[in-house]
Amino acid sequence: MDLSSNIMDLPCEVFADILTRLPLKHVHQLQTVSKLWLTNISTPHFKTLYNMKSMTRPRALVVQESDKTYSASGLGPTSRIITISTMDLVSDNIKIQRDHLSFKIVGREYSFRVSSNLIIFQHKVCNLMTREIINLPNNSSYPSFCFDVAYIPSSNTYKIVHLFRCTKILGTHGVLEIGFETLTLRDGGPIPTSWQFVARKEYFSYLIDATCVDGVMYWLVRIMKEGAHIISMESENEEFLTISCPKEYDHTLFGQGQLADLNGKLCLAYYSKELSRMSLFLLKDRTTNQTWVKEYDINLLGMGDWVRIVGYVPLEGNNGDILINGTTPFRYNIKEKEGRKLQKSNVNYTCLYYDRCFTLERSRLPLPAMEPLRVRDLPSKTSK
Numbered sequence: 005m006d007l008s009s010n011i012m013d014l015p016c017e018v019f020a021d022i023l024t025r026l027p028l029k030h031v032h033q034l035q036t037v038s039k040l041w042l043t044n045i046s047t048p049h050f051k052t053l054y055n056m057k058s059m060t061r062p063r064a065l066v067v068q069e070s071d072k073t074y075s076a077s078g079l080g081p082t083s084r085i086i087t088i089s090t091m092d093l094v095s096d097n098i099k100i101q102r103d104h105l106s107f108k109i110v111g112r113e114y115s116f117r118v119s120s121n122l123i124i125f126q127h128k129v130c131n132l133m134t135r136e137i138i139n140l141p142n143n144s145s146y147p148s149f150c151f152d153v154a155y156i157p158s159s160n161t162y163k164i165v166h167l168f169r170c171t172k173i174l175g176t177h178g179v180l181e182i183g184f185e186t187l188t189l190r191d192g193g194p195i196p197t198s199w200q201f202v203a204r205k206e207y208f209s210y211l212i213d214a215t216c217v218d219g220v221m222y223w224l225v226r227i228m229k230e231g232a233h234i235i236s237m238e239s240e241n242e243e244f245l246t247i248s249c250p251k252e253y254d255h256t257l258f259g260q261g262q263l264a265d266l267n268g269k270l271c272l273a274y275y276s277k278e279l280s281r282m283s284l285f286l287l288k289d290r291t292t293n294q295t296w297v298k299e300y301d302i303n304l305l306g307m308g309d310w311v312r313i314v315g316y317v318p319l320e321g322n323n324g325d326i327l328i329n330g331t332t333p334f335r336y337n338i339k340e341k342e343g344r345k346l347q348k349s350n351v352n353y354t355c356l357y358y359d360r361c362f363t364l365e366r367s368r369l370p371l372p373a374m375e376p377l378r379v380r381d382l383p384s385k386t387s388k
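If you're matching positions, the sequence shown starts at 5 in my numbering and goes up one per residue.
Keep in mind that the hints were calculated from the coordinates and are not lab data.
It cannot be assumed that every hint is accurate.
Below, in silico cross-link-like pairs of lysine-lysine (DSBU-like), each with a Cα-Cα straight-line distance of 30 Å or less [stated by the list, open to error]:
(1) Lys57 <-> Lys269
(2) Lys269 <-> Lys339
(3) Lys341 <-> Lys251
(4) Lys277 <-> Lys205
From a predicted model like this one, the values you see are computed outputs, not experimental measurements.
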């Protein structure tokens, strides 16, 4: 019996529904069954459907950093190994998956950013699922400030945003002039050979946090003696807005705040160690009224000094859990408005991870899902 032929006799909707329930690594394996399977799995319609359903089953991304090591002579630069793994969130049992990557970072100072499923490090970008690694083209000659990544669901594209410093300091209040340039990554490539300059400048003293929600980048920034505000950039048209922070909280009791994607809404969260409480505000109207609504006050007694929202884990219906990281992982159910601490571990969640049908280059084939990849063993690739 030809099992693949029998399955292909199913209606297209049923066939697609079955495959969208599978982990992406299994979908990649099924591409090799036949040319017909490859054709059906590679269509933009299937990829869009799969990516939408994947949003209902996130995993946690876990980053572990080794201690610094030194060369045998003691004269060479320090190095460390950064291991990135995923963790299922279907239950409270903490179990790290083996589909991990290991990066060797050389040097005392290094840049490393995990954003919207992509990893940016040492002027490279890595797709965690396919484990493709490409060099980024040369960017602005100005000093680099940071990199962030926006994912645009409607077109299944990524936009890397590079923030750079145009000048050192303006005036006497330590205000930086920040410029922007972007690089758009499309499914299957090709990889752009240059960055696109954005005709926009922003001014702030330091960056507090950043996130992407439904294709819009948000940066929480602060100007000395003037307080904090949020800068937003629509990824598709690169239009900017300035958003005021909610005024209903006490700056003396709560920290500077953090940004998170909470079920498709921008969340601004403030944590008070003194009160052992986190207050969550959701932005209801980004463009016109910029209305903030305080949705949750979460009791986090005994969670320590450092507390951070990891993301939102959908459950049945309109219910879901807010995953929070601290001295122990914590899940807060929005329907019951109750939380529970999870099993203690020696790892930290960094963000949520979603399987996505996306490849950086069409010529690349996915690597075996269980084989660790060592970046230091890859041949170098020169940017054009």
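We went through each hint and held it up to the structure:
1. Lys57 <-> Lys269: Holds, because 18 Å separates the two Cα atoms, which is no more than 30 Å.
2. Lys269 <-> Lys339: holds (17 Å)
3. Lys341 <-> Lys251: Holds, because 24 Å separates the two Cα atoms, which is no more than 30 Å.
4. Lys277 <-> Lys205: violated (35 Å)
Violated hint: 4 only; the structure is consistent with all others.
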